[in-house]
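2 protein chains.
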Amino acid sequence: MKRQHIFITNDDGVDAPGIRSLINFVRPLADITVVAPQKGHSGQSHAVTVGVPIRLKRLVNEPGYRIFSCSGTPVDCVKLGLQQLCEEPPDLLISGINHGSNAGINLFYSGTMAAASEGTINGIPSIGFSLCNYSHNADFSACKNPVIEIVNNALENPLPKGVTYNVNIPDLKPEEIKGIKECRMGIGRWVEEFDKRTDPFGRDYFWLTGRYDPVEVVDGTDHHALENGFVSMVPLTLDMTNYTYLKNIAENVQKG
Amino acid sequence: MKRQHIFITNDDGVDAPGIRSLINFVRPLADITVVAPQKGHSGQSHAVTVGVPIRLKRLVNEPGYRIFSCSGTPVDCVKLGLQQLCEEPPDLLISGINHGSNAGINLFYSGTMAAASEGTINGIPSIGFSLCNYSHNADFSACKNPVIEIVNNALENPLPKGVTYNVNIPDLKPEEIKGIKECRMGIGRWVEEFDKRTDPFGRDYFWLTGRYDPVEVVDGTDHHALENGFVSMVPLTLDMTNYTYLKNIAENVQKG
Chain A
7 MKRQHIFITN DDGVDAPGIR SLINFVRPLA DITVVAPQKG HSGQSHAVTV
57 GVPIRLKRLV NEPGYRIFSC SGTPVDCVKL GLQQLCEEPP DLLISGINHG
107 SNAGINLFYS GTMAAASEGT INGIPSIGFS LCNYSHNADF SACKNPVIEI
157 VNNALENPLP KGVTYNVNIP DLKPEEIKGI KECRMGIGRW VEEFDKRTDP
207 FGRDYFWLTG RYDPVEVVDG TDHHALENGF VSMVPLTLDM TNYTYLKNIA
257 ENVQKG
Chain B
7 MKRQHIFITN DDGVDAPGIR SLINFVRPLA DITVVAPQKG HSGQSHAVTV
57 GVPIRLKRLV NEPGYRIFSC SGTPVDCVKL GLQQLCEEPP DLLISGINHG
107 SNAGINLFYS GTMAAASEGT INGIPSIGFS LCNYSHNADF SACKNPVIEI
157 VNNALENPLP KGVTYNVNIP DLKPEEIKGI KECRMGIGRW VEEFDKRTDP
207 FGRDYFWLTG RYDPVEVVDG TDHHALENGF VSMVPLTLDM TNYTYLKNIA
257 ENVQKG
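Protein chains in written order, with the numbering used here: chain A, 7 to 262; chain B, 7 to 262.
Please keep in mind that the hints were generated in silico from the structure rather than gathered at the bench.
Take these hints with a grain of salt, some might be off.
Any copy, or any two copies together, can satisfy a pair, since identical chains are not distinguished.
Think about it this way: if two alpha-carbon atoms lie no more than 30 Å apart in a straight line, the pair counts; the simulated DSSO-like pairs of lysine-lysine are [stated by the list, open to error]:
| id | residue 1 | residue 2 |
| --- | --- | --- |
| 1 | 167 | 187 |
| 2 | 45 | 187 |
| 3 | 167 | 253 |
| 4 | 63 | 179 |
| 5 | 45 | 202 |
| 6 | 179 | 202 |
| 7 | 187 | 202 |
| 8 | 8 | 184 |
| 9 | 179 | 167 |
| 10 | 8 | 45 |
| 11 | 63 | 202 |
| 12 | 187 | 63 |
| 13 | 202 | 253 |
| 14 | 253 | 45 |
| 15 | 253 | 150 |
| 16 | 167 | 8 |
| 17 | 187 | 150 |
| 18 | 8 | 179 |
| 19 | 202 | 184 |
| 20 | 150 | 45 |
These numbers were taken from a predicted model, which means no experiment stands behind them.
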């Protein structure tokens, strides 16, 4: 039987400890192609590079194990990698492990999750992984077992078309993790605190800072699972239509 | 009665004809605050500026009519503008008019629609407008009536919490537009055709080009409405959970 093929990317850059951990965890399971940004692209969401050419650089080229850096965004890495480096579609695309949570509304800003969604748009079963610790030197050891379990499962039972998984792992010791929980996405928001300063020439400038407010922490949400020591797994859709509201409008139109 | 207040942004930049048309159309309806990128940010999606300070520049400051340019992304414009320039939340946020379609899967890449979603995340009723013509010199006259109708309606009947509207306007003459249609988002994809070249030093580089393939053009989708001469209005959700799949998993777990 032909060995399966996993495509790996991230948004923290090809040298980030998170993607290095992810590669190490899944390398025994399948052939690997890594295409990741040459530098960090946090907060880049689904951005693509328009009007500037993109370059690829081959870093590793062993049988069944290739690593490329790409000058573009995480979504560029997926588009270019799938088109130029994969003769057949890979069996699975995984993105991460992100340095920091992508639970709740965070996924809107996340390059890691945008790359995973881009895989899904291209018909590849795709999963994004994030550790709830923003530090560059975070300890990824607690991610090992959940990542291997989820990736093995996805290789054996391919995800349905159009579904992306958002997996977040709490910042705990391996033995403190209570299990993996299927969840819905909790609604939250960033409470921004712009730090307003004045430059030496008398002009104002602003630093974007802030903290995440997980507004919805009720049972069933990813926020709640993570606070209670579980790995959260949220199946995401590409269809952002609000059907509840679409239905209400149609009913009103009929009534009117 | 206090005059209502509309916040306006876009992703093509503060000088783009699209946002200038939008401002002209709605200025008679309400007080206006514009905060838009100082240069174009197409394809920037929900990107935020991390690690670099952001600047605001005041361009117009009349009673009830203010325009600022911002050095950041469309989402930065919304965050910074709402926090630093609005003592009370505006009654409505509108983004656009984008030079080019944001129907279907295009909204994933769109700074215009990300800015509208950011408004919704911040509790502001928000609408993104796009004209299905990518040209800088597109004719926005067909947008006037639909924009005024939709904005007037949203000022009189505030949108429900958590809903963003994605409005796309076909590239037709005003008299050719058949009406406004509530739709669901059609699923589509970009068919990329990377243009691979070699630089004078022998190294490869790639230009991202391509064409949009509106895979789903069935009745009820935005793709279908636009192809048939209607303005499409899709209510969007912030909650990207795939509930169909979440339900299937829960049922399987119960069965198992």
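So which of the earlier hints does this model not fit? Going through the list in order, the structure violates hints 2, 4, 6, 7, 8, 9, 10, 12, 13, 14, 18, 19 and respects the others.
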